[in-house]
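*Asks:* Sequence:
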Amino acid sequence: MINLSRRILITGDTHIPDRASSIPRPLLSYISEHSPWETVLFTGDLTGESVLKWLRTISKSLYIVQGNMDYLSLPRQVTVEVDWLRIGMVHGDGVYPRGNPVELSKIARRLGVQVLVSGHTHADFTRIGLGGGVLLLNPGSLTGVWGGGGGSYKPSLMVLEIADQECVVVKVFRLSGDVLEHITSNYCFKSGVWS
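Just so you know, we're using this note's numbering here: the sequence shown kicks off at 442 and counts up by one.
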């Protein structure tokens with residue numbers, strides 16, 4: 442049995458107001474119903490200050506990195522410790538091709554983290570990185586807007602639940618029409634490897 446001790450909201454790539462006017466209501470409702478969040482990680486490309494102001498109202502601890510479309514003064518990378526877990530975050534715009542797990546794994550190793558959160562792809566993913574020593578998380582785009590990689594994607598977010606037994610639960614919430622679907626995955630970090 443996994444005893445959960447901490448829930449982290451992971452989101453990003455809103456691009457408000459340049460590509461989207463607002464966050465879709467089902468995702469906004471989910472976020473609001475669980476507010477205030479103990480910790481919020483935002484992967485960049487908020488674009489406008491209105492999103493930054495809103496994020497401050499829903500979180501006790503807010504960590505944001507600068508995206509390639511942001512002109513606000515924000516850090517390019519962040520490292521944070523939550524319970525037993527060391528988490529790094531970058532936007533991911535320097536990774537080619539977009540979302541490349543090998544390159545993201547190298548960034549994670551350089552930062553000395555067990556989890557690396559990134560954005561930029563506008564499509565969510567959860568992967569175990571190169572060598573199994575890092576969990577790669579990308580929440581996709583909260584508004585589902587188009588990205589430079591082409592296409593339009595479903596609006597999405599992630600919730601990372603940290604357990605006291607060196608295990609985590611990753612929940613991806615994805616909007617399909619008006620229905621908020623979610624996928625849950627469990628991972629444990631033992632002997633320096635995720636499984």
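Calculated from the structure, these hints are not laboratory results.
Treat the hints with care, since some could be wrong.
[Stated by the list, open to error] Using 27 Å as the maximum straight-line C-alpha spacing, the simulated BS3-like pairs for lysine-lysine come out as follows:
#1 K595 x K612
#2 K547 x K501
#3 K631 x K612
#4 K631 x K547
#5 K494 x K612
#6 K631 x K494
#7 K494 x K595
*Asks:* When the structure is checked against the list of hints, which entries are broken? Sort them ascending.
*Replies:* 2, 6
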